[in-house]
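With the hints as constraints, model all of the structure from the sequences given.
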Amino acid sequence: MRAARQAMAGFRRTPLLGGLSIGAIGFSLVILGLFGLAAHNLGGAIGDVERRVEVVGYLLDDASQEQIGAARREMASHPAVSEVYHVTKDEALANARRDLVEFSSLYQDLHVNPLPASLHLRLREGFRSPESVAEVAGELGAYPFIEEARFGGEWVEQLFALRQIATGAALALGGMFALVAVLLIVTSMRLAIRAHREEIRIMQIVGASEAYIQRPFLYEGAMTGLVGGLVALGLTRLAYAVLRDRFASFDSILWLPESWIVAGVLAASALGLLAALFSVHRELAQTYVV
Amino acid sequence: MIWFRNVSKEYPRRGAALHGVTFHMRKGEFVFLTGPSGAGKSTILNLIHFQTLPTSGEVQVSRYNSGRVKRRDVAQLRRRVGFVFQDFKLLERLTAAENVAFALEVTRVPKREIGGKARRLLGQVGLSSKMSALPSELSGGERQRVAVARAMATDPLILLADEPTGNLDPQASEGVFGIFQELNRMGTAVLLATHDSGLIARNPSIRMIEVDAGRIVRDSAATADEPTVSAEVGA
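Chains as they are written, first to last, in numbering that gives the first Met the number 0: chain H, 0 to 289; chain U, 0 to 234.
The hints are simulated quantities; they were obtained by calculation from the structure and are not laboratory data.
Here a beta-carbon is modelled for each residue, glycine too, at the ideal position from N, C-alpha and C.
Check before you lean on any hint, since a few could be wrong.
Said to hold, decoys possible - Selected chain U positions facing chain H (in silico; Cβ < 8 Å):
hint : residue
1    : Ala74
2    : Gln75
3    : Arg77
4    : Arg78
5    : Phe82
6    : Lys88
7    : Leu90
8    : Thr94
9    : Ala102
10   : Val105
11   : Thr106
12   : Ala152
13   : Arg214
Here it is as C-alpha cells:
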C-alpha cells in the first residue's frame, strides 16, 4: 500500500511527466492496436474463405442409401472433419439452376438429370492444409461408390500460402511495432525515474533497501502501462468508429475480440512494469556497486 | 570498528586515488581526515559507505567486509553509517521535519514513531523552531543541521562527514562542528573530512589523519608500539 501511495504521489508531483509517459505509451501502443485490428480482419477474411474449403465426393448413381449413410457416419467421426452433408441429384440440379444463371437454359429442358449426388465434407480448423485436405479426399475417394473426390488442390495450396505469408508478415510487423513500443516505454520510464533521481540517491544514502526503492517505481510503471494501454484502446476504438462512419467499404470490418483487448491492456501494464524494472535497476546499479 | 588494510583504489578514467592505505578507527572515536583537494578523502569516505569497492586490499566496517559483502547487505550497512555532505543533499520540496521523516520512513521505522523521532532529532541539532521550514527558507548552517539530523535518523554507529562546513561561514561552521562533538560525546564515532586547517588547529586533542596523493602521510594517533598507520605501504 505504501508503494502504491508513493506511486500515486509520484504521478501527482510530476503530472506533466506522468501524462507524457502515458501519452508516449498510448500512442506507441495505438499503432499496435490498429495493426491488430487490420490483422484481425485480414485473419477473419482468410478464415472465412478457409471455412469454405471442402472435399466433395461424387456418388455413383447406383450408390444405396445404406452405403451413403454408412459413409456419412464414418467420415463424420474423422478427426479432420467438422461436418458432412449429402446433396442429392435433385438438389444438385436445383443448385446449378440457381448458381449458374448463364447456363440456366441448358438445365431447363432436361429429361435426365446429368448431375451426380455428392457427399460434402467441411474441415476443422487446423486441418485445412493441402496435405490434410488431400488425405481426407483420398479416404473419401476410396469408397467404391464414390466416383471421384475433389477438393480444388491448387486453390487450397494458394490459400494456405496466403495464410502463411499473412501470418509471417503479421509476426514481423507486429514484432517491429512491439519493439518500437517497448523502446518508447523504456525511454519514458527512464525519464520518469530520472526525475526522482535525487530521492533515489537519498534513499540509498540513508540505507533504504533496494526492494523498497524499486517498488513504487514498479507500481508507477505498471499503472502508467495500464493507463497507456487504455488510452491506446480508446484511440483504436475511435479510429475504428471513424473508419466505419466515413467509409462505406469499411462497414463490415470487425472490432477486436475481447480476449485480445484484455491481453493487450494487460501486456501494456506488464510492459510498463518491465520497463520500470529495467530502468530503476540501471539507476540503482550506478550506486550499488556490490 | 573501521579497518582499512592495504587499500588501493583506481578509477578507470581518473586513475589511482588511493595507494596501500591502512588505518583503524575505534568505536566512538572522533577523527579528522584532512588533506588537499583530490588527496583521496572522499574516496576513503565512499569506501567506508560502500559506494565503491577497493581495487585491492580490504575495508571492514563493523561486521561488513568489502571482500565478502553482498548487495543486500549494503542497505543494512548504510543504516549503521550516517553520511553528511558539503552540499547538504536535502529534498527541496520537503520541510526540515519531512526531510528527516523521509529517512525514517524509507528505513521502515514504524509510522507512529516517525513524527516524534523527527522532532527529537531536529531538537537535538537546535532546530525545534524550524521544523516546518523548507530548505530554501533556512541558512546554510541550518540546512547542514537538518542533514545531520537526517544522518542520525537510523542511529548510526558512525557518522561520515564530507567537508560539512565547506559551504558555511565561520560561526555556522562552529555551530555544526559543536553538534558533531555533542553526538560524539553521546557515543557516535565521527569521521570528518575537512581541509579547514583552522578547525583542526583549534581541536588538537582530536585524532587527525592526513592524506596526500592517495597516501596517508600523518596520523596523530600513531605510536611506535601500536601503529594505526602502515608507513607508506606501496609508496
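Each hint tested on the structure:
no.	hint	in the structure
1	Ala74	holds (4 Å)
2	Gln75	holds (7 Å)
3	Arg77	holds (4 Å)
4	Arg78	holds (4 Å)
5	Phe82	holds (5 Å)
6	Lys88	holds (6 Å)
7	Leu90	holds (6 Å)
8	Thr94	violated (15 Å)
9	Ala102	holds (4 Å)
10	Val105	holds (4 Å)
11	Thr106	holds (5 Å)
12	Ala152	holds (7 Å)
13	Arg214	violated (23 Å)
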